[in-house]
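Protein chains: 2
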Amino acid sequence: MPNPTAAMLVIGDEILSGRTRDSNMNHLARRLTEAGIDLREARMVADDAGEIVAALNALRARYTYVFTSGGIGPTHDDITADCVAQAFGVGIDVREDARAILATNYRNPETELNAARLRMARIPDGADLIDNPVSKAPGFRIGNVHVMAGVPAVFEAMVEGVLPTLTGGAPLRSHSLRVFLPEGTVAAPLGEIAAANPDVAIGSYPFQREGRFGCTLVARAQDTDRLGAVAAEIRAMAEALGATDILETPPDAALA
Amino acid sequence: MPNPTAAMLVIGDEILSGRTRDSNMNHLARRLTEAGIDLREARMVADDAGEIVAALNALRARYTYVFTSGGIGPTHDDITADCVAQAFGVGIDVREDARAILATNYRNPETELNAARLRMARIPDGADLIDNPVSKAPGFRIGNVHVMAGVPAVFEAMVEGVLPTLTGGAPLRSHSLRVFLPEGTVAAPLGEIAAANPDVAIGSYPFQREGRFGCTLVARAQDTDRLGAVAAEIRAMAEALGATDILETPPDAALA
Numbered sequence: 115m116p117n118p119t120a121a122m123l124v125i126g127d128e129i130l131s132g133r134t135r136d137s138n139m140n141h142l143a144r145r146l147t148e149a150g151i152d153l154r155e156a157r158m159v160a161d162d163a164g165e166i167v168a169a170l171n172a173l174r175a176r177y178t179y180v181f182t183s184g185g186i187g188p189t190h191d192d193i194t195a196d197c198v199a200q201a202f203g204v205g206i207d208v209r210e211d212a213r214a215i216l217a218t219n220y221r222n223p224e225t226e227l228n229a230a231r232l233r234m235a236r237i238p239d240g241a242d243l244i245d246n247p248v249s250k251a252p253g254f255r256i257g258n259v260h261v262m263a264g265v266p267a268v269f270e271a272m273v274e275g276v277l278p279t280l281t282g283g284a285p286l287r288s289h290s291l292r293v294f295l296p297e298g299t300v301a302a303p304l305g306e307i308a309a310a311n312p313d314v315a316i317g318s319y320p321f322q323r324e325g326r327f328g329c330t331l332v333a334r335a336q337d338t339d340r341l342g343a344v345a346a347e348i349r350a351m352a353e354a355l356g357a358t359d360i361l362e363t364p365p366d367a368a369l370a
Numbered sequence: 115m116p117n118p119t120a121a122m123l124v125i126g127d128e129i130l131s132g133r134t135r136d137s138n139m140n141h142l143a144r145r146l147t148e149a150g151i152d153l154r155e156a157r158m159v160a161d162d163a164g165e166i167v168a169a170l171n172a173l174r175a176r177y178t179y180v181f182t183s184g185g186i187g188p189t190h191d192d193i194t195a196d197c198v199a200q201a202f203g204v205g206i207d208v209r210e211d212a213r214a215i216l217a218t219n220y221r222n223p224e225t226e227l228n229a230a231r232l233r234m235a236r237i238p239d240g241a242d243l244i245d246n247p248v249s250k251a252p253g254f255r256i257g258n259v260h261v262m263a264g265v266p267a268v269f270e271a272m273v274e275g276v277l278p279t280l281t282g283g284a285p286l287r288s289h290s291l292r293v294f295l296p297e298g299t300v301a302a303p304l305g306e307i308a309a310a311n312p313d314v315a316i317g318s319y320p321f322q323r324e325g326r327f328g329c330t331l332v333a334r335a336q337d338t339d340r341l342g343a344v345a346a347e348i349r350a351m352a353e354a355l356g357a358t359d360i361l362e363t364p365p366d367a368a369l370a
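Chains as they are written, first to last, in our numbering: chain A, 115 to 370; chain Y, 115 to 370.
Since the hints were made in silico from the structure, they are not lab data. Check the hints yourself; a few may be wrong.
Repeated chains share a single entry, so a pair holds when one copy, or any two copies, can fit it.
What the hints assert, rightly or not - With a straight-line Cα cutoff of 25 Å, these simulated SDA-like cross-link-like pairs (lysine to any residue) come out: (1) 250 to 324; (2) 250 to 205; (3) 250 to 327; (4) 250 to 226; (5) 250 to 311; (6) 250 to 140.
Build out the structure end to end from the sequences listed, making use of the hints.
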């Protein structure tokens, strides 16, 4: 059975202006890969309701799971929850369980639960809350869409809460070989190995280190036996081309 | 006149598996913002021809400029050039000027211009080459699509070559104020300032530092006079709420 699929939607003007470097997509990608869920696509859009709604509807129709980051805080530019409600065609209002969570956190005079903070308790009808162990204000899940915070520490904590609720598949394993041969030298025999083993995805990532050209050759598959067999073919190919100091990273230590 | 718009397409299995952390999108975002070109959307897709072609056609129809990174090397998983030709419905073959560039670079026995490396001279019909001062193998531009390498040093060098060929607009300037007040405390008055100044985009980015909550309030606009006026309003608002050590970063020093 093929693995479940996923897409990520990163929301925020600050990402597209370059002010903020997104780190949530990479974090989610790693965790999903380990869980056997194939992240197929990521999109980044600005704080623009039309763009957010259109992207949500395109992605949720197409993939098993969708994950969003950003735009669920208390300020005027936090419009993600409203956009999700609009995309699903449901209402949105302050919900008592979300309000109760915020009330336990915002109870000092300088951080009272004012109208702005109460915006963070506005949850689309029919959604389930996602726990926020870092700063309390919850995310939520509706249908196959998981709405999470943009602040990395909060996003990452929410991902850990969400993962056990997802149906995973067979984790994609990888076996990588760092070879000090120019990529163009290994390209032809590597392509032959790839063509002969269509069940194993093979990637090549060139680098230059201390004046030497090399490439990291990565085989990816769910089946570790097949992975080992193809890695052995790649190693034999590189050795036949004269590579000596091959650094091999088998599945348990590698990330796909 | 509104600024030209742009989208970026990041191509590569290794991005979506989490193995590689993309840095090209952030770099491009910063350079386009400085040039007055509005990056409106970014997408990341795998080394899958159908996905790449569909994304290319969606983005090139919608934005002034499209920029891609990844998939133009010599190995079997480098399929971007073919996908671009397919998206534009044009032929693709080894082109003499591109072959000549590669021939000057690959002339030692251990790095001869073999068939795999020659793949990097396959250029869609009607495209212009983009110079690669780092490792020679060129990128190319066809229509409004700029096809560049995934290796960051090469991507960044290609961007510098491409920028002077683009029609820029009025750079988006920003004025930021770091305020040690919780975001939920400034949210309501900040929203009023945003509503009263629709020509200036205002964002709020919360942080926690040494146990204190704060937020960076960022005003963005092309007009520096308007920017200064709104920044002064934000500062007065924060001071009225008791903020003392406001760190203000005016347009010349800030990135939007």
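Verification of the supplied hints:
In this assembly of identical chains, the alpha carbons of residue 250 and residue 324 lie at most 25 Å apart only when taken from different copies (19 Å versus 47 Å within one copy). Proximity of residue 250 and residue 205 under a CA criterion of 25 Å is satisfied intra-copy only: 23 Å inside one chain copy versus 56 Å between copies. For the homomeric pair residue 250 and residue 327, the shortest alpha-carbon distance between copies (14 Å) is at most 25 Å, but the shortest distance inside one copy (49 Å) is not. Within a single copy, residue 250 and residue 226 get their C-alpha atoms as close as 14 Å, which meets the 25 Å cut-off; across copies the closest is 60 Å, which misses it.
Taking the shortest Cα distances, residue 250 and residue 311 never come within 25 Å of each other, neither inside one copy (48 Å) nor across copies (31 Å). Within a single copy, residue 250 and residue 140 get their C-alpha atoms as close as 24 Å, which meets the 25 Å cut-off; across copies the closest is 30 Å, which misses it.
Figure legend: structure checked against the earlier numbered hints; the only hint not met is number 5.
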